[in-house]
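Add chain B to chain A, keeping to what the hints say.
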Amino acid sequence: MSLAWISKLTLAAGLVALPATGWAQSVNISYLTHWSPETVALLEAAAKDFSRQNPDVAVTVRAVPFGDLLTTLRSQGGSSDGPTIGGIYDLWLPELARDKLVAPAPDAVASEVKSAWPAGVVSAASVGGTLYGIPNEIDVYALNYNKELFKAAGIAAPPKTWVEFKDAAAKLTDKDKGQQGFGMINSWAAGVVHPFASLLVSNGGNLVKDGKPALDSPQAGETFALYEDLIKSGASIPAMATADANTTGPFLDNFVSGKTGMIIMANWWESALKTGMGDKFANIATAPIPVGPSGDKPHSISYSWMTVVNAKAGDAEQKAAWEFLAWLNSPKSGKNGASAMSDILMSMGILPSRTSDIEAHKDKLGSDFLSGYVSVLADARPFPVVLGGQEFSESLQQTLEALQYGQVSAKDAQANAQADATSILERAAK
Amino acid sequence: MAKAFRASAGIMLAPAVTLIGVFVLLPMLLTVWLSFQDWSTQTPFSEASFVGFGNFNEIFGPTSVGRDFKTALLNTAIYTALSVALILPLSVVFGLLVYQREVAGGTALRTVLFSTYMVPMIAVALVWSKLYSPSEGPLNQLLGLIGIGPQPWLSSPRSALVSIVLLNVWQQVGYFTVLAIAGLTQIPGSLYEAATLDGANGREQFRFITLPLLRRTLLFSAVIAIINAVQVFEPVALITQGGPVGSTNVLTYHIRRVGIERAQGGLGSAMAVTLMLSLIVCVSALFAFVNRKDSE
Numbered sequence: 001m002s003l004a005w006i007s008k009l010t011l012a013a014g015l016v017a018l019p020a021t022g023w024a025q026s027v028n029i030s031y032l033t034h035w036s037p038e039t040v041a042l043l044e045a046a047a048k049d050f051s052r053q054n055p056d057v058a059v060t061v062r063a064v065p066f067g068d069l070l071t072t073l074r075s076q077g078g079s080s081d082g083p084t085i086g087g088i089y090d091l092w093l094p095e096l097a098r099d100k101l102v103a104p105a106p107d108a109v110a111s112e113v114k115s116a117w118p119a120g121v122v123s124a125a126s127v128g129g130t131l132y133g134i135p136n137e138i139d140v141y142a143l144n145y146n147k148e149l150f151k152a153a154g155i156a157a158p159p160k161t162w163v164e165f166k167d168a169a170a171k172l173t174d175k176d177k178g179q180q181g182f183g184m185i186n187s188w189a190a191g192v193v194h195p196f197a198s199l200l201v202s203n204g205g206n207l208v209k210d211g212k213p214a215l216d217s218p219q220a221g222e223t224f225a226l227y228e229d230l231i232k233s234g235a236s237i238p239a240m241a242t243a244d245a246n247t248t249g250p251f252l253d254n255f256v257s258g259k260t261g262m263i264i265m266a267n268w269w270e271s272a273l274k275t276g277m278g279d280k281f282a283n284i285a286t287a288p289i290p291v292g293p294s295g296d297k298p299h300s301i302s303y304s305w306m307t308v309v310n311a312k313a314g315d316a317e318q319k320a321a322w323e324f325l326a327w328l329n330s331p332k333s334g335k336n337g338a339s340a341m342s343d344i345l346m347s348m349g350i351l352p353s354r355t356s357d358i359e360a361h362k363d364k365l366g367s368d369f370l371s372g373y374v375s376v377l378a379d380a381r382p383f384p385v386v387l388g389g390q391e392f393s394e395s396l397q398q399t400l401e402a403l404q405y406g407q408v409s410a411k412d413a414q415a416n417a418q419a420d421a422t423s424i425l426e427r428a429a430k
Numbered sequence: 001m002a003k004a005f006r007a008s009a010g011i012m013l014a015p016a017v018t019l020i021g022v023f024v025l026l027p028m029l030l031t032v033w034l035s036f037q038d039w040s041t042q043t044p045f046s047e048a049s050f051v052g053f054g055n056f057n058e059i060f061g062p063t064s065v066g067r068d069f070k071t072a073l074l075n076t077a078i079y080t081a082l083s084v085a086l087i088l089p090l091s092v093v094f095g096l097l098v099y100q101r102e103v104a105g106g107t108a109l110r111t112v113l114f115s116t117y118m119v120p121m122i123a124v125a126l127v128w129s130k131l132y133s134p135s136e137g138p139l140n141q142l143l144g145l146i147g148i149g150p151q152p153w154l155s156s157p158r159s160a161l162v163s164i165v166l167l168n169v170w171q172q173v174g175y176f177t178v179l180a181i182a183g184l185t186q187i188p189g190s191l192y193e194a195a196t197l198d199g200a201n202g203r204e205q206f207r208f209i210t211l212p213l214l215r216r217t218l219l220f221s222a223v224i225a226i227i228n229a230v231q232v233f234e235p236v237a238l239i240t241q242g243g244p245v246g247s248t249n250v251l252t253y254h255i256r257r258v259g260i261e262r263a264q265g266g267l268g269s270a271m272a273v274t275l276m277l278s279l280i281v282c283v284s285a286l287f288a289f290v291n292r293k294d295s296e
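Protein sequences, first through last, are from chains A and B.
Every letter in the first sequence is one number past the one before it in my numbering, and letter 223, counting from 1, is 223.
Every letter in the second sequence is one number past the one before it in my numbering, and letter 106, counting from 1, is 106.
Isolated chain A (complex conformation):
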């Protein structure tokens, strides 16, 4: 048979097969995330597994930078052509649910989630008792420190109290080497607010109490003053603290290159540290948040992420999306009784939240770096999920950055933060 004939037959076979393929994958759903290309590849592999078992469903994955995730969800989620599934931060849920951009979970999914996830995590994925998403990751803050720098500064153990913390920060600071004791973060709302909030709750305070801002408490005043002390003493240098749209940048570079002695960060940055540090990652250790003068014991701020389904998507797409998510988060989809989602999360050093996933990944969660985070999870306080929460967070970010750069005193920062938060939360609640 000549080459021309082979080509013609191949083309004819292709044309015959094409409609069949089209009919087989009659439902197309898309998944919007902010994950890196490596992690997206893992999600795509899981989606292919699902499509093999469900040939009528095709899943495509689309990634945007973290800074664009909410905007993309808001601008495209209002249409049936927008992403069918979105990975969201729990703080965004109340407003997305209010604006009817996300669909309530079907009963079967809701009862599965309520039985298989811890109650606190289920509550963060619910509004008014209705579950809107399948929780996946949980993030918690802890103190990360560089053991090599600690040794060089003659510090034997990580600080347990604010007094020890300030003392360690001072000892770790070496202006000649361009080295700071404690690394703050700026230009990224969660990066600024969560470490501050972790210190605040470890000092017995709260960001929001009974739905009202509580930044006028004496405990909050002491936390603002701690920041002011660290800046004024030179133990924390704001110019080393900048973050970019991908939540990387100088703050990460300085910790990775050994120019920052301590930093308060969440577990998910393990993969960024490993990539940046290579073998030197072994120098990094995790410890609980130092306890303030008004605190009882170390607490941290925790928050969760979940996957939600576009309420404007067609019925078939919504049904397929919930089926895919239920499978992705079930013990059937991953290795050794873990879910495929938890395998993806663990590749980044992120803690899964499903009870069976925590059990399945027990060994890896016991690593030097992650065990420090797992140990503080029990006493962690969830970041307040309220209407206007994102605006509140961005406003507090501005105030804390102004304090970092010496534009306001600790006292004024506290007064501004409370006044802004009151006005934002009152307006959002209307």
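For the record, the hints were derived by calculation from the structure and aren't laboratory data.
Hints are supplied without guarantee of correctness; some may be wrong.
As the list claims (entries may be wrong) - Label pairs and their computed distance ranges (CB to CB):
(1) Lys175(A) with Gly147(B): 15 to 23 Å
(2) Asp167(A) with Ser278(B): 45 to 53 Å
(3) Leu19(B) with Lys332(A): 52 to 60 Å
(4) Lys319(A) with Pro120(B): 34 to 42 Å
(5) Leu277(B) with Ser367(A): 52 to 60 Å
Stated by the list, open to error - Straight-line alpha carbon distances no greater than 25 Å define the calculated SDA-like cross-link-like pairs of lysine to any residue that follow:
(6) Lys312(A) with Ser49(B)
(7) Lys177(A) with Glu136(B)
(8) Lys212(A) with Leu387(A)
(9) Lys259(A) with Gln151(B)
(10) Lys177(A) with Lys130(B)
(11) Lys100(A) with Val51(B)
(12) Lys100(A) with Glu136(B)
(13) Lys280(A) with Ser135(B)
(14) Lys274(A) with Val127(B)
(15) Lys232(A) with Ser159(B)
(16) Lys175(A) with Ser159(B)
(17) Lys209(A) with Ala225(A)
(18) Lys259(A) with Arg158(B)
(19) Lys411(A) with Arg158(B)
(20) Lys411(A) with Ser294(A)
(21) Lys130(B) with Phe281(A)
(22) Lys130(B) with Thr161(A)
(23) Lys232(A) with Arg158(B)
(24) Lys430(A) with Gln42(B)
(25) Lys259(A) with Gly147(B)
(26) Lys177(A) with Ser159(B)
(27) Lys70(B) with Glu426(A)
(28) Lys274(A) with Asp294(B)
Computed from a predicted structure; not experimentally measured.
Glycine included, every Cβ here is placed at the ideal spot set by N, Cα and C.
Here is chain B on its own, set in the frame of chain A:
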């Protein structure tokens, strides 16, 4: 005859006028209407409720909404003024340097200057964010070679906006140089010959011939530079996210945050209308200034 002419002109203009009406005027009018409404971008227009000047009171008020808006407005004004003040003189200087027919490599130089304008902003942002890196950035390393200490660039509220301006100038100056060259080619060479015969030196020729005859080109360049600068968005979204301390939070970025992220469509529209009015005032003032100079 005149009636038939008017009818035919109307028929010929109708498609363009309709398109402009639907895609330019209608959205502008809609934005103006929304600026007087309390409206979430996630709800239909029918759910908007009239609040009069409430949104404008809010954005110029003392709360965090007003404070952030006023900072963004000021940042945009500084960014625009600095960009125009740097781009226009540089474009004339580069234009004069490049507009030398006798100099070998003039065309290549024009191409190099214009090429920065063709580089996508995402690439520019990625490269410049690394160039500006305070600890490992090449710019600080170069400064170190001549004994100047490391600069914070994007990491300080004092220098972040200026750093973004420099990036903008680097990218846009080539385009404006091409405009300046186009203006220079329109100046008759006989004027320079006559001036030379009258004993005018280079500086005098530039002051009394080049600059006055380049005025129209510079007016056009200034208007385009102002509009481009006011619309700055990508470098802020890609590099600084408006920080630190809101020092690079420009209006387009802030309007996106308020109008889309927070779904506060009424407030976002009021901000957009204020930006539009500011732009109209600036450009009109510029035209009035140049027209007065022309009549003098």
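Against the structure, the hints:
Checking the proposed 15 to 23 Å range against Lys175(A) and Gly147(B) shows it holds: the Cβ atoms sit about 18 Å from each other. Distance hint check for Asp167(A) and Ser278(B): the Cβ-Cβ separation is about 51 Å, which falls inside the suggested range of 45 to 53 Å. In this structure the supplied range 52 to 60 Å holds for Leu19(B) paired with Lys332(A), their Cβ-Cβ distance being about 55 Å. For Lys319(A) paired with Pro120(B), a C-beta distance near 40 Å keeps the hint of 34 to 42 Å intact.
Between Leu277(B) and Ser367(A) the beta carbon distance is about 58 Å. The supplied range of 52 to 60 Å therefore holds. A threshold of 25 Å between alpha carbons decides the hint, and for Lys312(A) with Ser49(B) the separation of about 24 Å falls inside it, so the pair holds. This hinted pair checks out: Lys177(A) and Glu136(B) have alpha carbons roughly 14 Å apart, not beyond 25 Å. Between Lys212(A) and Leu387(A) the CA atoms are separated by roughly 11 Å; this keeps the pair inside 25 Å, and the hint holds.
Proximity of Lys259(A) to Gln151(B) is assessed by CA-CA distance (about 17 Å); at most 25 Å being required, the pair is judged to hold. Proximity of Lys177(A) to Lys130(B) is assessed by CA-CA distance (about 21 Å); at most 25 Å being required, the pair is judged to hold. This hinted pair checks out: Lys100(A) and Val51(B) have alpha carbons roughly 24 Å apart, not beyond 25 Å. The hinted pair formed by Lys100(A) and Glu136(B) fails the criterion: a straight-line CA distance of about 46 Å is larger than 25 Å.
A threshold of 25 Å between alpha carbons decides the hint, and for Lys280(A) with Ser135(B) the separation of about 19 Å falls inside it, so the pair holds. Taking the CA atoms of Lys274(A) and Val127(B), the gap is about 23 Å. The hint holds against a cut of 25 Å. At most 25 Å may separate the alpha-carbon atoms for a hinted pair to count; Lys232(A) and Ser159(B) meet this at roughly 20 Å. Taking the CA atoms of Lys175(A) and Ser159(B), the gap is near 21 Å; set against the 25 Å cutoff, the hint holds.
Between the alpha carbons of Lys209(A) and Ala225(A) the distance comes to roughly 21 Å, so the proposed pair stays at or under 25 Å and holds. A distance of roughly 23 Å separates the Cα atoms of Lys259(A) and Arg158(B); the hinted pair therefore holds under the 25 Å criterion. In summary, the hint linking Lys411(A) to Arg158(B) is supported, as the alpha carbons are separated by about 23 Å, within the 25 Å threshold. For the hint linking Lys411(A) to Ser294(A), the alpha-carbon distance of about 18 Å falls within 25 Å, and the restraint holds.
A distance of roughly 23 Å separates the Cα atoms of Lys130(B) and Phe281(A); the hinted pair therefore holds under the 25 Å criterion. At most 25 Å may separate the alpha-carbon atoms for a hinted pair to count; Lys130(B) and Thr161(A) exceed this at roughly 37 Å. Restraint check for Lys232(A) and Arg158(B): satisfied, since their Cα atoms lie roughly 18 Å apart, inside the 25 Å limit. Only pairs whose Cα atoms come within 25 Å are accepted, and Lys430(A) paired with Gln42(B) is accepted, the gap being roughly 16 Å.
Taking the CA atoms of Lys259(A) and Gly147(B), the gap is about 22 Å. The hint holds against a cut of 25 Å. Between Lys177(A) and Ser159(B) the CA atoms are separated by roughly 23 Å; this keeps the pair inside 25 Å, and the hint holds. Proximity of Lys70(B) to Glu426(A) is assessed by CA-CA distance (about 22 Å); at most 25 Å being required, the pair is judged to hold. This hinted pair does not check out: Lys274(A) and Asp294(B) have alpha carbons roughly 65 Å apart, beyond 25 Å.
Checked against the numbered hints above, the structure violates hints 12, 22 and 28; every other hint is satisfied.
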